[in-house]
Amino acid sequence: MKQPLTRLQSTCVPLLLDNIDTDQIIPARFLKATGREGFGENLFRDWRYDSAGRPLPFVMNDAAYRGASILVAGENFGCGSSREHAAWAIADAGFRVVIAKSFADIHRQNELNNFVLPLQVSPEFHATLVEAIGRDASTTVTIDLPQQTVTLDATGLTEHFSINGYKKYCLLHALDDIDFLLETQQKILRYETEHCTTAR
Amino acid sequence: MNTLFDKIWDAHVVQHVEDGPDQLYIDRLYCHEVTSPQAFEGLRRRGIRPFRPERITCMPDHNIPTLCQSEPIADPVGRRQVETLAANTAEFGLTHYGLCDPRSGIVHVVGPERGLTQPGMTIVCGDSHTSTHGAVGAVAFGIGTSEVEQVMASQCILQSKPKTMRITVDGRLGRGVTAKDLALFLMSRLTTAGATGHFIEYAGEAVRGLTMEGRLTLCNLSIEMGARGGMVAPDEVTFAYLKGRLEAPQDKAWDEAVERWKGLSSDADAVFDREVRFSAADIAPMVTYGTNPGMGIAIDGTIPEPVTESDAKALRYMQFRGGERMLGKPIDYVFLGACTNGRIEDFRAFASVVKGRRKADGVTAWLVPGSWQVLQQVEQEGIGQVLRDAGFEVRQPGCSACLAMNDDKVPAGKLCVSTSNRNFEGRQGAGARTVLASPLTAAAAAVRGCIADARELLF
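So the sequences go chain by chain: B and G.
Read left to right, the first sequence gives residues 22 to 221 (the working numbering).
Read left to right, the second sequence gives residues 70 to 528 (the working numbering).
Calculated from the structure, these hints are not laboratory results.
Some clues are possibly wrong.
Stated by the list, open to error - Lysine-lysine pairs mimicking DSS-like chemistry, simulated, CA-CA at most 27 Å apart:
no., chain 1, residue 1, chain 2, residue 2
1, G, Lys-230, B, Lys-23
2, G, Lys-398, G, Lys-428
3, B, Lys-23, B, Lys-122
4, G, Lys-331, G, Lys-232
5, G, Lys-382, G, Lys-428
6, G, Lys-483, B, Lys-208
7, B, Lys-122, G, Lys-232
8, G, Lys-382, G, Lys-483
9, B, Lys-208, B, Lys-189
10, B, Lys-122, G, Lys-230
11, G, Lys-428, B, Lys-189
12, G, Lys-428, G, Lys-478
13, G, Lys-398, G, Lys-424
14, G, Lys-230, G, Lys-331
15, B, Lys-208, G, Lys-232
16, G, Lys-230, B, Lys-189
17, G, Lys-382, B, Lys-208
18, G, Lys-382, B, Lys-122
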C-alpha cells in the first residue's frame, strides 16, 4: 500500500450522496480481521450486494465504471467511525483518489495515511465533473500532485487543490508519519524533561 | 486571550513541522481490540516496542458478548480479535483489562470512571467517540490505526491544529430534557458536518448545570457534529467526580493537581474561530427520524419533507414519510447503553420511568451497562431489582448493539429506540432501523411499545 502518488489519469466512479459514513464504506461486521489486507471486497458491501450476496443495482456493479481509480462523492465523505478499515477498503479496491465537496476530519487523515488522496473541490468544479461523468462514463480526470491541480480532460477545466506541504511530500515519496516521528526522539525526550507534570 | 483548547494543545506541542502539522505529545492512549491489531503488527514489523507503555491502557469492548462473558466467545473471528489484544498487550508489556476483569468495560466509560482521564491531558484512542473524555477538560480525539501505531511508537501524533468553536447554551434544560437531547438538538441545528475542522468548547448555564455523566454524553456526541472533539472546562463538578478514583492523583498530589486544573479555562477575552449560541428553553426531548444523527426533531414534531436525494434515501430506509409524527410509531427493540448512555445516571433515569410499570409485550430490550463498575452500582443501588420487577434484564458490559459487532443485532426492518450514538444504515444490524433518543425516551418507548414522551410518565 506504500506507493508514491504523483500524477494520475483515470475514469471515475460517481457516488453522489452526501454524508456517506464509514459504516457504509465498510460495515462493522467486517472489522474483525487482524490484518490490513482484503477489505476491498467488502467496500460498500450492503449497497453492492443483498443479504444473499446477489449484486444490487449500484454504481460499483456497473461495468461502465470498472477499473476507475478515482471515487467521486458529495459532502462530508467518511463521517462517523474512525475505522481506518474504511481507508484500507478504498485503497484495496484500487482507488488512489477520492474527490468530494468535503471530507470528515478523521477519515481524511486515514486516507492520507494510506496514500489515498482526499481531494476537495469547489461545488462548481464538482457539478461540472458530475455532469460530465453522467453524460459519458469514460470521462477521465487528471490529478497532478506536484502542481496540486485536478483537470477534467475533455474540456481542460482545471482547479487548484490544497494539501499541506508535509503530507504532499509523504505522498510523493511514499513516506509515513512513523518514519518521521522515529527520527524525532531527542525532541520528544527533551519535551518530556521540560513538560511532563501530568500523571503517567 | 487563549481558549482552553489552545492552552492544552499548545502545552503539548513538541514541534511545529514546517508547512505541516504539529507534533503533539499524548498523555494517554486507550486501545480496544478492533483498531489496534494492525498497529501492534506494525511495531513488530519495524522491530520496535511502545515508547511509553505506562501511558497506554487496553481493553476489549466492541466484540464481546453481553451474556456469559466468562464462556469462550462463540464467534471465532471475534474471539481471535479479543485474544489477539490479550496476547499483544502481554508481549508489549501494556496494561490490559481483560474480559470479566472488574476494571473493564467500554473504554470511554472506564477511562473517566477510573480517573485515568484527567483535566489538561491529551488523550487519543482508535475510536471516534474518544471525544467523550473532553468532558473533564481534556483534549481528546479519535484517530485511525496508523495513528495508534504512531503514538505507540513515539507517544506523539502528527496533527494539524483544529480551529476553535464555542457552543454556549443559555438557561436551564427543562424537565425530562437531558444531555442527550441537548446534543441531538445541537446536531439537528448544526448538521453532522457543522463542526468539521473544529474543536468545540461547550459553555453556558445549561452545560455548567450538567452532571459529569451528562457532560460525558454531550462531549461523546461532538464527533457526530463533525468536530474533532469537544470539551467542558473543569470545575467543582469535575473535581468531585474524580476525587478518590483509583487512578486519579491521591493526597498531596491531588491537591496540587486541583490547583493546576483550576487554571484550565478559556480567558475572558479569548477569541474563538466560531461562536454559536442557543437557548435551553428551545430544547425538547429529541428523537431522530433518519439515517444520520443530525436528522433529529423534537419528540412531538413532524418529520420534515425530504429535500435532497440523500434525505429521500434516508426516509425510504427508515420506512417513514415526510409530514408523519414520530409519537405513537410502534417499536420492536430498545437499547440502553453504549459510551453515550451506558453510565450509572443513565440506568437511574431509565429505572425512574419503568419503576412500577411493565415492559410492553413484544418489545425486546437490551440494557447493557458501560462497565463492570456500572453494573455493580446498578445492583448496589437496587436499580437492577427495579428493572427486573418491570420485566427487564440487565446484561454484561460492552459496546453491544451500538454497532452490533457481537450477537446483539437488531433484525432487518425492526425499529429500535437506542441510546447509542449513530443511526446509520445497518449500524445496529443489516437492515435495522434506529431511532436515537435519551434513556428517558427509551424507557418510555419500552413500557408503551411505541415512541412516547417520557414527560408524561415522570413522577
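Hint check:
| no. | hint | verdict |
| --- | --- | --- |
| 1 | Lys-230(G) with Lys-23(B) | 26 Å, holds |
| 2 | Lys-398(G) with Lys-428(G) | 16 Å, holds |
| 3 | Lys-23(B) with Lys-122(B) | 26 Å, holds |
| 4 | Lys-331(G) with Lys-232(G) | 24 Å, holds |
| 5 | Lys-382(G) with Lys-428(G) | 33 Å, violated |
| 6 | Lys-483(G) with Lys-208(B) | 55 Å, violated |
| 7 | Lys-122(B) with Lys-232(G) | 19 Å, holds |
| 8 | Lys-382(G) with Lys-483(G) | 17 Å, holds |
| 9 | Lys-208(B) with Lys-189(B) | 23 Å, holds |
| 10 | Lys-122(B) with Lys-230(G) | 21 Å, holds |
| 11 | Lys-428(G) with Lys-189(B) | 57 Å, violated |
| 12 | Lys-428(G) with Lys-478(G) | 20 Å, holds |
| 13 | Lys-398(G) with Lys-424(G) | 23 Å, holds |
| 14 | Lys-230(G) with Lys-331(G) | 24 Å, holds |
| 15 | Lys-208(B) with Lys-232(G) | 26 Å, holds |
| 16 | Lys-230(G) with Lys-189(B) | 17 Å, holds |
| 17 | Lys-382(G) with Lys-208(B) | 51 Å, violated |
| 18 | Lys-382(G) with Lys-122(B) | 19 Å, holds |
Of the numbered hints given earlier, the model fails hints 5, 6, 11 and 17; all others are met.
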